[in-house]
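Positions 4 to 659 (the working numbering) are the ones given, in order, by the sequence shown.
Treat the hints with care, since some could be wrong.
[To be verified] Listed below are the simulated BS3-like cross-link pairs for lysine-lysine, each with C-alpha atoms no more than 30 Å apart in a straight line:
{"hint": "1", "residue 1": "K538", "residue 2": "K644"}
{"hint": "2", "residue 1": "K511", "residue 2": "K545"}
{"hint": "3", "residue 1": "K529", "residue 2": "K601"}
{"hint": "4", "residue 1": "K354", "residue 2": "K274"}
{"hint": "5", "residue 1": "K216", "residue 2": "K538"}
{"hint": "6", "residue 1": "K60", "residue 2": "K105"}
{"hint": "7", "residue 1": "K130", "residue 2": "K149"}
{"hint": "8", "residue 1": "K413", "residue 2": "K323"}
{"hint": "9", "residue 1": "K292", "residue 2": "K316"}
{"hint": "10", "residue 1": "K436", "residue 2": "K601"}
{"hint": "11", "residue 1": "K620", "residue 2": "K373"}
{"hint": "12", "residue 1": "K529", "residue 2": "K18"}
{"hint": "13", "residue 1": "K287", "residue 2": "K601"}
{"hint": "14", "residue 1": "K316", "residue 2": "K338"}
[Unchecked claim] The calculated label-pair distances, taken between Cβ atoms and stated as ranges, are:
{"hint": "15", "residue 1": "Y646", "residue 2": "N370", "range": "34 to 40 Å"}
{"hint": "16", "residue 1": "E398", "residue 2": "T329", "range": "57 to 63 Å"}
{"hint": "17", "residue 1": "T66", "residue 2": "N251", "range": "32 to 38 Å"}
{"hint": "18", "residue 1": "V13", "residue 2": "R564", "range": "21 to 27 Å"}
Please keep in mind that the hints were generated in silico from the structure rather than gathered at the bench. By construction, the Cβ of each residue, glycine as well, lies at the ideal position given by its N, Cα and C atoms.
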Amino acid sequence: MDQEGRQRVVIENVKPNINCGAYPVKRVTGEKVVVTADVFADGHDTIAAEILYRNSKDNTWKTSPMKFVDNDLWDGSFRVEEEGSCLFTIRGWVDHFTTWQKDLVKRIDAGQDVSVELMIGADMIDKNAKNANGDDQKKLLNFSDKIRSGNAGVAFDDELSLLMGLYADKSAATVFQQEYEVWVERHRALFSSWYELFPRSASPNPGRHGTFKDVERLLPDISEMGFDVIYLPPIHPIGITNRKGKNNSTEAGPEDPGSPWAIGSKEGGHKSIHPELGSMDDFKELIRKAGDFGIEIALDIACQCSPDHPYVKEHPEWFKWRPDGTVQYAENPPKKYQDVLPINFETENWKKLWDELRSVILFWIDNGVKIFRVDNPHTKPFGFWEWLIKDIKKEYPEVIFLAEAFTRPKVMYRLAKAGFTQSYTYFTWRNTKDEFKEYLTELTKRDAREFYRPNFWTNTPDILPENLQYGGRAAFISRFVLAATLSSNYGIYGPSYEICNNTGIEDKEEYLNSEKYEIKHWDRNKSGNIKDIIKKVNIIRKENSALQTTFNIEFYDSDNRYLLCYGKVSEDKSNIIVVVVNLNFFHKQSGSVKIPIKKLGIPEKQSYLVHELLSDKRLMWQGSENFVELDPETSPASIFKIYKRLKREDDFDYFM
4 MDQEGRQRVV IENVKPNINC GAYPVKRVTG EKVVVTADVF ADGHDTIAAE
54 ILYRNSKDNT WKTSPMKFVD NDLWDGSFRV EEEGSCLFTI RGWVDHFTTW
104 QKDLVKRIDA GQDVSVELMI GADMIDKNAK NANGDDQKKL LNFSDKIRSG
154 NAGVAFDDEL SLLMGLYADK SAATVFQQEY EVWVERHRAL FSSWYELFPR
204 SASPNPGRHG TFKDVERLLP DISEMGFDVI YLPPIHPIGI TNRKGKNNST
254 EAGPEDPGSP WAIGSKEGGH KSIHPELGSM DDFKELIRKA GDFGIEIALD
304 IACQCSPDHP YVKEHPEWFK WRPDGTVQYA ENPPKKYQDV LPINFETENW
354 KKLWDELRSV ILFWIDNGVK IFRVDNPHTK PFGFWEWLIK DIKKEYPEVI
404 FLAEAFTRPK VMYRLAKAGF TQSYTYFTWR NTKDEFKEYL TELTKRDARE
454 FYRPNFWTNT PDILPENLQY GGRAAFISRF VLAATLSSNY GIYGPSYEIC
504 NNTGIEDKEE YLNSEKYEIK HWDRNKSGNI KDIIKKVNII RKENSALQTT
554 FNIEFYDSDN RYLLCYGKVS EDKSNIIVVV VNLNFFHKQS GSVKIPIKKL
604 GIPEKQSYLV HELLSDKRLM WQGSENFVEL DPETSPASIF KIYKRLKRED
654 DFDYFM
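Take the sequences, apply the hints, and build the full model.
The following block contains the structure:
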């Protein structure tokens, strides 16, 4: 019989787990994993439980205690410190010594003779002492002698209880049958500020194609604004056949550069650089110089080709061919994208296709890229992404993948489960208090929290939302503050965003004269720009640890439907941030916001200091309800840092 009949503890409903352990939970180094489970046994004996966890490369388990919560629910936590795969499970056992202690109290209170019970307890201590060494063993044996001699009070000594727990007999313990995985990534997976730009538009000279050297010239300005990731759309040669003209026109002139997402020409494909951008050495130099500013370069990965891509001739089986002998271009009826050919992932030669696409990622990793933004991953098989990302991260755990998928929630969640580090979201289309509360609750308080890291983008080259088209400068400020403080990962497409470019196509959420189809010459210091505000907010993010995670957000009440109020508190509760945003971009709004000061450790009748970080003003608040007024013309948002106490006389240097 394989069963261990002495195992009495039952362990069920272990969380977190993703699809019953099919996919790993996600964390970054230094983050905590909170584990819960139902743990119980037959009878009335006291039980104990602990988390077992280890790096998957190690053979030795570490332990972290769990505590009883209610109704057989237990919880505990452990912290992950190393990148890569970590495993955890739960162990539970009958705690005979604590059971004995509780019963002994009852017997003593009832006036019973406990001499035999003391001998039983002493025997338990002797047994556990065999598992101890040195001073701990001596201490246990000393406790045993005292109890055996009739000193019942010693039985409840805190040090004795601690030592008995440390050297408990776990030979009949139950270990949960499944080990769940946590995938641990570097801190930038959780906290990052992205800036998207087209390098071909980086030239200071109108009419000249931009280069990587021109992007180098922009690094001080982008760094000054506080960004730590620069994302470049595809940098590869662009096809000639069916090239798109301005505003996605099917008629392209000789001066039209085409869409960077129409990848491939006679100059090469996904492993080549557009010759007008520069050389591979120029690209590596950009990566190096960006690194000097604390900035990483993220590269776009689009699994698609122009009709001129070398793959079309070398591997025609990777594309769909129509009965008339023409190759199938991309369509989303009635829309047509004649300049782009989708890859046929149902090809018989799929293994070679997968290997080739993996080699593209590895090629750019070898050339210094550690972050990839993947274009439309939801139009490629989930199994491919799962295989690719897992394979890449085995050797390069530091690589980050951002999924650019605006699609149905379950599809977006599945991509995150498949391994994508961060994901685009519906933030762009959330506008009201209720919408923000509902959406952030879904992302941070439910199952998605364990595997889905949101990245809030204010705009993209494809998307100019209505709130920006019609809300004016105030909308750009408010939406930026929302993105950068609701989420610890966010991005903007610039310089269109910081100069408040809101010229769209009527009745569409698209830019008029989109940069996707033409080279721009931007006035990056245009009057009315919000670069100073962006800089301030990014400084605030970096100086306040409460803003460096998405998953600690709490929404607070306000009596004005246009004032959205929320707070974030650091894990050690030393850093408290409260944000209030005016969602009405046209009119001044005021009202009371209600802060849960008791939960924050502030007495109801005590005054406390509030520092408004955007304006550098300091205020004195008292109680949970305080007045806020936000004028979209001057201050459409406020970021408050809360100090729990005011200085008193005994803080004065000469107080005696």
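(request) Provide an ascending list of the numbers of those earlier hints which the structure does not satisfy. (result) 2, 3, 6, 9, 11, 12, 13, 15, 16, 17 and 18
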